[in-house]
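Counting from 1, position 20 in the sequence shown corresponds to residue 20 in the UniProt record's numbering; the numbering is continuous, with no gaps.
Heads up, a few of these hints could be off.
Once the Cα atoms are required to be at most 30 Å apart in a straight line, the calculated DSBU-like pairs of lysine-lysine come out as [claimed, not checked]: (1) Lys151 x Lys424; (2) Lys424 x Lys478; (3) Lys370 x Lys414; (4) Lys209 x Lys153; (5) Lys338 x Lys276; (6) Lys177 x Lys261; (7) Lys424 x Lys413; (8) Lys408 x Lys497; (9) Lys219 x Lys398; (10) Lys414 x Lys497; (11) Lys389 x Lys365; (12) Lys389 x Lys370; (13) Lys365 x Lys403; (14) Lys414 x Lys152; (15) Lys296 x Lys365; (16) Lys177 x Lys424; (17) Lys219 x Lys389; (18) Lys209 x Lys110; (19) Lys365 x Lys350; (20) Lys375 x Lys151; (21) Lys413 x Lys152; (22) Lys413 x Lys153; (23) Lys301 x Lys209; (24) Lys118 x Lys389; (25) Lys413 x Lys403; (26) Lys256 x Lys338; (27) Lys301 x Lys268; (28) Lys398 x Lys365; (29) Lys370 x Lys261; (30) Lys246 x Lys497; (31) Lys118 x Lys296; (32) Lys276 x Lys497; (33) Lys110 x Lys153; (34) Lys414 x Lys219; (35) Lys276 x Lys261; (36) Lys219 x Lys301; (37) Lys219 x Lys256.
Quick list of the computed label-pair ranges, beta carbon to beta carbon [what the hints assert, rightly or not]: (38) Asp230 x Asn401: 57 to 65 Å; (39) Glu161 x Ser411: 33 to 41 Å; (40) Lys402 x Gly289: 51 to 59 Å.
Derived by calculation from the structure, the hints in this document are not laboratory data. In this text, a Cβ means the ideal position worked out from N, Cα and C, and glycines have one as well.
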Amino acid sequence: MINTNTISLENNQKFMNSNPEEEKYSMKDHQNSEIQISNTRGGFSDVTDVNPNEPGINTDYKNLDKENKHRETLKIAVVGNVDSGKSTLTAVLSCPAGTTDDGRGSLREKVFNFGHEKENGRTSSIAHEILGFDEQGQQVIPLKKDILTTKKKTIWPEIVEGSSKVIQLIDLCGHEKYLRTTMFGLSGLYPQYSMLVVGANMGVSRMTKEHIGITMALKIPMFVVVTKLDLAPETVYLDTVNTLSKILKGSACNLKPILVKDSDDLDKIAEFMPNKTICPLFPISNVTGQGVTNLKYFLSKLPYFDTSSAQIDKELSDSQIDEIIESELVIDSEYNVKGVGLVVGGTITKGGIVINQILYLGPDKIGQFKAVVVKGIHENRVEVNNALKGQTVCINIKSLNKKEQNLKVTSFKKGMLLVGVTQKCLQNTLKKGGPSASLEALCVREFEAEVVILHHSTTIQQNYQAVLHCGGIRQSAKVLNIAAAKQDSELLRTGDKGLIRFRFMYYPELLKPGSTIMFREGRTKGLGFVTKVFSNK
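Assemble the whole structure, with the sequences as input and the hints as a guide.
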């Protein structure tokens, strides 16, 4: 049976009280990283003869071949404090049943991207692992391959081909100085669920509360995994569970905690997860394997739902954008692959993408869009002909401008998109500079947002600057003016609500009314949503 923790709790109003440093580590290794993509490409048109102002191929997404849609791909963000066992848990879940860690983190090397992560044991980049389940709910294991030593480019396609449901685990950073990377992973990768990992022997730290707060702000369904049962004394473990229950039941979360001790009713719990009313807690040990089977079964039963529009209030959405943009991919990574060219990775938040389709890449650092053609599409390292809304893919693109066909990774910034335009936009802009001009007109430097201040040591006033996160966007913004809820006040303190006009410090962005925003200065300071954008003209 499942035991529900019924402790009487007080509201946790100082929920976000943490103090992470600004991330300062070098991105040199990350910029030089490459992904392995098949060089076999078929059916590509001669891109030098393509006119970016012509309608191009048919993009009727309702009639697209859905050969790759039968595999549901759930994205689960793995969050939690440093040393709580996130990477080890990710590795254990992706390995065959019965695989355990040695207690010294040997399995986590399977997840890490870089050598320095293996040396210090701390995740500093966003890592991905997958596990697949067949139609009977059994985990798919590659045949005659050592899953711990074989490269992902060999393992992943076999897992995907044998699965009816694929789960992508997104291992995020736990150290406070990498908070910006974790925030980008939660807001820009559009996960369906958040798996909060808490060490039973460590208790609930400031960064644990920070990650809970970000998850709640983005309205992501959450479940908790309490690790290291083999290390924690029973009294310490119970204290950790009680503290978690208080936070989850508090006004900031308003969730019903459910302590899972066996597999009873896991199907019903999984079914109710998208409602964001419950939060199951799974006590496990990566060393003994205790509780891992229940967790895997729960993951296999989690329902898929589209999250690409979850961060946008539809009542405030801009119809002008819908008249111009037909398909959209939010870019979260870019690579220069030898022998292939430029590859971008991201989540499709609108419409769909097919091979040979003409898309527009931007806004760049000066707010412009460049016409590109899609040369190939990969999902989970498997080549596909098309991809639809909600899917996470890697796309090989090439510029239609002969002078700029070799696109460079250094020209990218956070917040860039790949967008396809509507037939109406093409027809209306043939004599007005083409679709690029219409897309550039949508980009803004200033916007208005209704916000609530979560935590700030002093006051927020005019000219205050913070790093703003919105989907894939990550850029510093300055407060131009404040219309506070309190009369005759242009200052905001902890707990205050107000209407703030922001200005991006460096580049224009394609920002949509109704989008959820978060701003931070080291730790998270406030959150809200965009109510209005102002044209650059």
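Can you give the numbers of the hints that this structure goes against, from lowest to highest? 1, 2, 4, 5, 6, 8, 9, 15, 16, 24, 26, 29
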